[in-house]
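S.K.: Sequences listed follow chains A and B, in order. When you line the first sequence up against this note's numbering, it's residues 1 to 303, in that order. When you line the second sequence up against this note's numbering, it's residues 1001 to 1879, in that order.
Hints in this document: simulated from the structure, not taken from any laboratory. As the structure is a computational prediction, the values presented were derived from the model and not from experiment. In this text, a Cβ means the ideal position worked out from N, Cα and C, and glycines have one as well. Some hints could be false.
[What the hints assert, rightly or not] Derived contacts from chain B toward chain A, CB cut-off under 7 Å, selection only:
| no. | residue |
| --- | --- |
| 1 | 1176 |
| 2 | 1313 |
| 3 | 1315 |
| 4 | 1342 |
| 5 | 1343 |
| 6 | 1409 |
| 7 | 1411 |
| 8 | 1618 |
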Amino acid sequence: MIYRIEHLTQYAYGSPVGLSFQIAHLHPRDDEEQTCLSHSLTVDPSPEHIDEGQDYFGNKLARFELISPHAKLAITATSEVDVRREPNTPAESEKWEDVRQYFAETRWGQDADSAAAEFLFPSPLVPHTPSLREYASTSFVPDAQIAEAALDLMTRIHEDFEFDSTATHVTTSIETVLEIRRGVCQDFAHLMIGCLRALGLPARYVSGYLLTQPPPGQPRLVGADASHAWVALYIPSHGWLALDPTNNIVPGDKHVMLAWGRDFSDVSPLRGVILGGGEHEVEVGVTVTPIASQEQDEVDVSD
Amino acid sequence: MRSAVTPMRNSAYYPCLVAVCIFTFPLLLAAAVFTSDASPVRHAPSAEEPLPRMPLLHRYTAPADRYDELLAANGKPRAHWEKVIKHLEWMGPRALQESREAVQRQIAANGVTYNVYADPRGADRPWDLDLLPQVLPAEEWDEIAVAIRQRATLLNAVLRDLYGPQKLIAEGQLPASIIQGHPGFLRACHGIEAPGGVHLHLYAADIARAPDGHWWVVSDRTQAPSGAGYALENRALIGSQFPELLRKLRVQPLNTFFQTLRDSLAQWAPRDDEAPLIVLLTPGMLNETYFEHAYLARHMGIPLVEGQDLTVRNGAVFLKTLAGLRRVHAILRRVDDSWCDPMELRSESALGVPGLVDVARKGGVLIANALGSGLIESGALLGYLPAVCEHVLGEELAMPSVATWWCGEEPALEEVAERINSLVIKNAYGFAAEGPVFGGDLDAAAREALIRRIHEQPRNFVGQEMVRMSRVPVWGPQNASLEARLTGLRVYAAATPNGYIVMPGGLSRVAGLQDARVITIQRGGGSKDTWVLAGAQEELPLTPPRVVDYPTIVTEHDHGSLASRTGDSMFWLARYVERADCALRLLRCGLRQQLSADDAEWPALLVAGLRCGVITTHDAAFAEVSAKPLTPQATLLVSLKDGKFPGGPINNLRNVVRLARTLRDRLAPDSWRIYNRLDRLTTSWMRGAHTLSDALEFLDQSLLALITLSGYSMEHMTRDAGWRFQSIGRRVERMQFLAIALEALLVPDKGPPALASLIDLSDAVLTYRRRYQRAPEGGPVAELILTDRDNPRAFLYQLESLADHVGLLPGQLPADTCTPLRLLAEQLLTRKPEDWINSSVQTAALRTLLQESWQAGNQLANFLQNRYFSHLDARTTIS
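For reference, chain B alone in the conformation it holds in the complex (with noise of 0.2 Å):
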């Protein structure tokens, strides 16, 4: 239906085709009818017809010291271009701005996003995406193919040299001190023996042209490559809006790059008797690219896991599961080296795997790329590189890097200190502390003082050539116009049993300003979709040739288990709703009977409050100030608003809303509004005058919200394992409040009970009034609150809910996993409930039996947490 309103041949047909467009898809109606001057019906360019004006282009001229990527020397477009440029033509630019506007909304729909450490917009920062492609014709494409299997190829060998026999070095071809002062050199990696021989499984090399023509190799990527991921989402959301010239161009089609390294890597992988379960290790949410990340699981089939997610066993890795430990083959890492084990790599890693590194060396898990490969991303080595690749490889060099110096060596640094003022001075080790420094851009003063701390260290700078960086258009949206960007070229290449294949395209990525020359996505540049085009025999393959005969991979659908972390973050999710649902009701039922001069009750509400943690008698900010006791209203209010101590309501409201945020993938759009509206309740709370008619309402509205949640997972959750996870969160945290309630209201050791707080507590205000028509009695009020079966808010009924959901749980649990919950009702239903508080000796019985429910909970609750989310329980370990 797209091709509705892209370029058809035959103008015949066209109209009816807009009408038919008119239902479908308005948006894009809109492009098609208001693009044209004159008549909304207009036929797309054809080949034979000679190129028409060109008011697009009338801006953009080609520079004369730059290679520009669309126009010619003599100022017209290219050969690769001319269909490109027509097309855009034909559409116009009030087409092309409603193109831009699509492509803008369905990022943002998608929900494309680059995280920004230094950006005041913070996290998930949407992605920043040309409407125009790069083009490149089949023949070029070709060169640089070639170059990027031959440089990954290279690197690899390198890199299996460096952690292992180090010829390189014993033959003089690479400096020892190259990787001996490399802190990206893992020493507890050398002599790991990587499978297959392959370290490196996605190589990408940032690539750029230079004003010949020629591309040049700027750096490489070769621990765990970013961009890949973007590349294939821009050619969904840029292809969408040129369907049919994508196809009239025979682009090259990318989507059968990431399939054919996953079934290169089950290849790899160490072979037992089940099916390699392959997993993509992220740092998590905070990443820069977690997007990217989470795309690509998704696109590969494989599941997408954390450091903590995973746990290592007698020489194997395993992905923890509520249906217990799975053993993982192959790890596809976005960890970066040093943070994969603080066991034998840095100590103070959250993100890694204890014991990671033992299961590589002894050959009972695939890493890609192998730990360690960052070190060759380091521009020291790019000098020697030429020398290197005639050594291993006995050819020539494809594609030359830009000229680069390691000062490490003697000439080099007195070179780089010569001609600084050209230069740009780096870090050699390839780490970001300091961006790079242009050379030409210091006093002399600064100049100096560099070339003083070079000297000082030189083997830690690279000094490297300038590329002056090819132009390519962009969509300017100001202007409604091509503009002119520096552009540079991500390439990917993937190991496989046949050699490195390279992605067809790539990401481009467009410098922000018109004139800036650092082109980092990190500082506000921009991407492009990367067209390659095929070459005129080239039949376009639709599936990926079956070289091997590989083996079939689990992906996350078949083996349908929840991961671990998942189930805990619901259990504590609903956990922590509950606990702040019992705190907000405990303070209003307080709050309303201060306002209703009604103290007899305030002891023992005062008691309850105290032992669940929900009231604090301490006001740290008046602390110093006064040393009396606070009257019960300031007690109240100051337990509302103190956001620091651990079971005040806006702390566990807190860790609701932060828990819900690492399940936003888990969570349906209408729940995570309700989880918005309580965290902007709280915000405004907490920053708001905190007046008693402030506090009642806070109170009311937040109770709603957490209501509105429980009916939620009521009525619109599928009964999946996370669903009872919540269930048992939920009932576990109610009863052991209700055991502490019961204990302090109904049975206190001293004082008189508090009923009228204990029916309010427990939201039966309205039952109890109808079903007994008087005034709190202790018979009445222990039938309804501690031993109805039917009142969700009673006690029994959750001792029994909860032994009905543990029997439920996946896996074989040990036969007497509910028996203390289903004893501890038994044990309830004895008596009469108005027996139960007679005389001292029953509510003393009662007292224990409150006591011994809510340790029931603890251990339940402990013992969850060591067999589904933590699996230490040692009968579950290895099956």
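So here's chain A without its partners, still in its complex pose (with noise of 0.2 Å):
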């Protein structure tokens, strides 16, 4: 399936912002499951220049800055994705414990494995708790399968957590969302990320977007779609197994992929600073469009 993607984010600050730096994390990134065909960065007003590059992750980013006053600020991410992603289970598995134990041991080289290591630790937004071991432990009972298991606690926070644009914001911390059962995907992708850490599970989180379904007999809206977040867990027998807790679904080619890293701060759309503006209104638009393909969609539910 190829995708077109348009993101666009626009500022509106009460009053002029002097100087202004921002971090992209817009680019699509590829891997054997999809491939980003084309993709253009539009900033306005334009920066001297934009500064494209590599993150520590191999995600591609894009860094600028403005010197001159300015009111407003748009910024807009145009990309074709080609994604091929099937969304595989393994139907065998090791038992997690044994993941966990051979993941304590100290790693040494420089393989997929030890990369995978990166994602044990805590992170900024994803403090190891014993509240989260506790709610994961119900699915990781003694000598279950890791895949199993792990589609297991997708299910659970699906049904225990509702979905709730107005209960958090980007700083809520996932013991609060824990707390309240409500959230929206990048809360629902760092409890289960938390989750699988604290068990001594390597997890990382994926930004991306998901094609969304408009309702029957309406054309489909252009921004209605959003950013999107979900989840990848390592098992060294298979490699990462991508889980979507807010849609309790494996992600396969509704999902397309941006960015990972160990959790949303690694991996912002938008990061910036900036001096002045005051109060300022953010709005983002993400418009999803298959283009080689008419086929129904069967996800329904996003964000």
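Put the two chains together into one complex; each comes in its own frame, and the hints tell you how they fit.
M.R.: So, in structure tokens, the structure goes:
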């Protein structure tokens, strides 16, 4: 499936911004299951230059600075991505305790397993807490197969937590989310990552988009889609297993990946520091359009 | 002259020197005269004489289980201490006591402080310095220096690898998780190449001596090591007490270390056609070692800056000065790694410089130490260093680290759990959130709990053997004798193009109590000067050998321009002073009228007070109890005691004091006393009873203090850019206040004018009476307060004076900068003063003019803010 994605972010500032630094993580990365065919980033007002680069995790990023006063800022990222992802889940997998033990041993090399070990540790937005381990242990019973237990955890999060875009904000801690049982995709991803890491299993945060289905008989609305986030768990015998706790599904070709990191703070689509600006408003619109296929979509919830 | 009170070989000259001393150093004379038991004139001991009896030492004994720095196993002083002890003996307890007091006084006078966050005495705790030095002989020091040089070289190589190719991990020398799990591993900084391959410019090691006399490394300080500035100050303070002894013992000088560091930074800094500008970046005055930052900046001759003084533009870092932006080539930082850039590191940091990481990435600035250097302070690394040293340098590690087990490895974890009673358990990643725990102190349950916690997150813990640290004598002022304290030494190395150099000395730290096991200055330990004796053949270098032809650096003195932040603070200080002045005057005027039961002008005065935000009619304390409007008198008192509403006098006075504090190093002691007085007045008014007479007393006293400040700025300040900004700040505020007051009191849109109030507010009661000798009338009042060029409290005076000041600001300003002010002044003079108030058409025109002036004041302030303080005016950014 090939998608065209337009991701528009608009800031309106209460008073002019004199100096603005921004880092964008808006360029979809490639892996075996998806290829970014084209990408463009436009910024208005236009900066002196846009530096493109890669972060520590291999994600593509763009940095730019604006040094002339401006009251509005619009950033548009347009990408075409070929997604070939199959929602594959291993039929058989090792016991989760074996994986924990495997990663408890000190790793010395630079192979894939060692690289995955990066995602065992607490990160800025995902601390280790006993309450997370307790929540997870209902799914990760002794001798359970790791993939099966992880799918069960995903299902429980989907059932126990309510999607509520007003209940949390960017700085809400996962302890709070665990307590109030509400949140958005970012919260559920952090929560699940926290659960897995608390058990000693490597898990990473994946940011991206999800194709949504308009209500029957209505056209696809421009900007109605949104950024999405899910989780990937590393299983040594299998590789990375993606899990979307918000929708209780294993991501397939409706999920378009942007970037991965330890948590949202590594890959936030836009991160900036401004001087001035006063109160500001931000509007984000994402439109995901399939351009190579007219298949019907089964997925109906996003964010 | 100081030699007068120090030992002299030839006693024949001594009495005469004492005589000279009487007139020059009475303080020190006391030390010389009253020290001896028998006669004030004693000659100093010489090396040939046998060591005299030592009453000083009779209570000081060598411990069996520790190394004693002073006494050998036989109970006699070690050779390198002999001369020191002889000298102390010769001085005697009273002179030593005097010397100690002299040091204490000097510490207070120099403002040597160490801020302790947890200390009830709060900021500015005096530095704790013992009178006696730690003494180390040349041979012993050489071994330390060689080992520290090697260790700095090694750690730099490790940093370079971990932030680069990570071969040490690929080759199995270091486990990956040692960095993967380390919060101090800054992923944003991975791949940044440090100029010259140097990450570690300034390095410090905490070392301690074991009972067998060997030194061990307890920990490494690699991101922004502190204490070296205190070591310099310790030498200045203690050296001045024992100058002759210092020379006789050939104690190695410290003063070239930082010059060499500075010159080396200049060498590696990015080159352009300017002389390199190096700055010292401090988190600010609340930091525990702020004194040291200021001291080092002065010592090195480089500007001391905070994050907000710097700005990033187009791949370079700039210092904001009143003369414009200056390129910064190198930053010696005292801000911790992750706080240096809110853009790519901790986003909540207000201490850093947005965009700094990216400039470093592009090679646009040298940062010392390189960002992320804190990584290798981790105790987890210590166990791997011997093998890594062999692997990287091909040599054996010269000074061992204290045995340390990182629990991230299974066998080490077992070892730690087994031996926990004899270990100190620390956070593996060096974060002070939890202090070290002594396994031996715990009861069985607590020990079990700790072991459980270690098992849960083994990688977060290290177990370290306890060092039986050596003991050193300190001067005990209570008993006037020597007392023993545990000691450790912090030694420093600096990178130069020819390899690392080691400061010949360092910061000796002593435990606060006789049996304390942890030495941290945060918890009340003290410090000592450290004397490294020169070897027999060694020449003491007076100036450092210039190994490289270093570029000349820019010093603060050379560019002579005030930092923008300072200008900004001075501008706002003056504005708050004037705001407070206006607010107090308005309230005093109202209260006086109330006291004389004269209510006629109250409505107009209330309008003026509300418009300029000086009066609040909302009594926060009683708002819920009573919905009745406040009486005039209550309104005035509420406005005077409410510290919360922004325009009120209390809030303005507090802002005055707050800003004065931040400018403390720029304010003369006399003016500082006035600020202190304002602070005390405000505090006691807010605490005390709020009767009418208290209020008037407070108003009079605080206005008097504010007037003294104005006088001070007129008569005592140099007319530099800072003064200019203060004057503009004052004029802007007074002009805006007058614009509102004139509109409300001279030409109110309804009701009669309130001329008596206006005269009072403008401090013109006497002048008016003398000049016009009649009751207040519109025409004369307008002449005196609206259009008098010579009255410094008249409106026209403010407009013209502002325009003059702006015209004299530094730098090229757009030609039209003062045009609006000049036009307003000209317009004011197109009519006779009394004509402005003759008809409703005229008064309306005057109201418009006053409103436009108020606006012009705001525009001017914003313009200055952008042009000189924030540097947001695009025209001025890059020259």
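S.K.: Next, verify each hint and record whether it holds.
M.R.: Going through the hints against the structure:
1. 1176: holds (5 Å)
2. 1313: Check passed: Cβ of residue 1313 (chain B) comes within 6 Å of chain A, closer than 7 Å.
3. 1315: Violated. Min distance 9 Å.
4. 1342: Holds, because the Cβ-Cβ distance from residue 1342 (chain B) to chain A comes to roughly 5 Å (cut-off 7 Å).
5. 1343: Check passed: Cβ of residue 1343 (chain B) comes within 5 Å of chain A, closer than 7 Å.
6. 1409: Nearest chain A Cβ about 5 Å off; hint holds.
7. 1411: Since chain A brings no Cβ nearer than about 10 Å to residue 1411 (chain B), farther than 7 Å, the hint is violated.
8. 1618: Violated. Min distance 24 Å.
Going through the hint list in order, the structure does not satisfy hints 3, 7 and 8.
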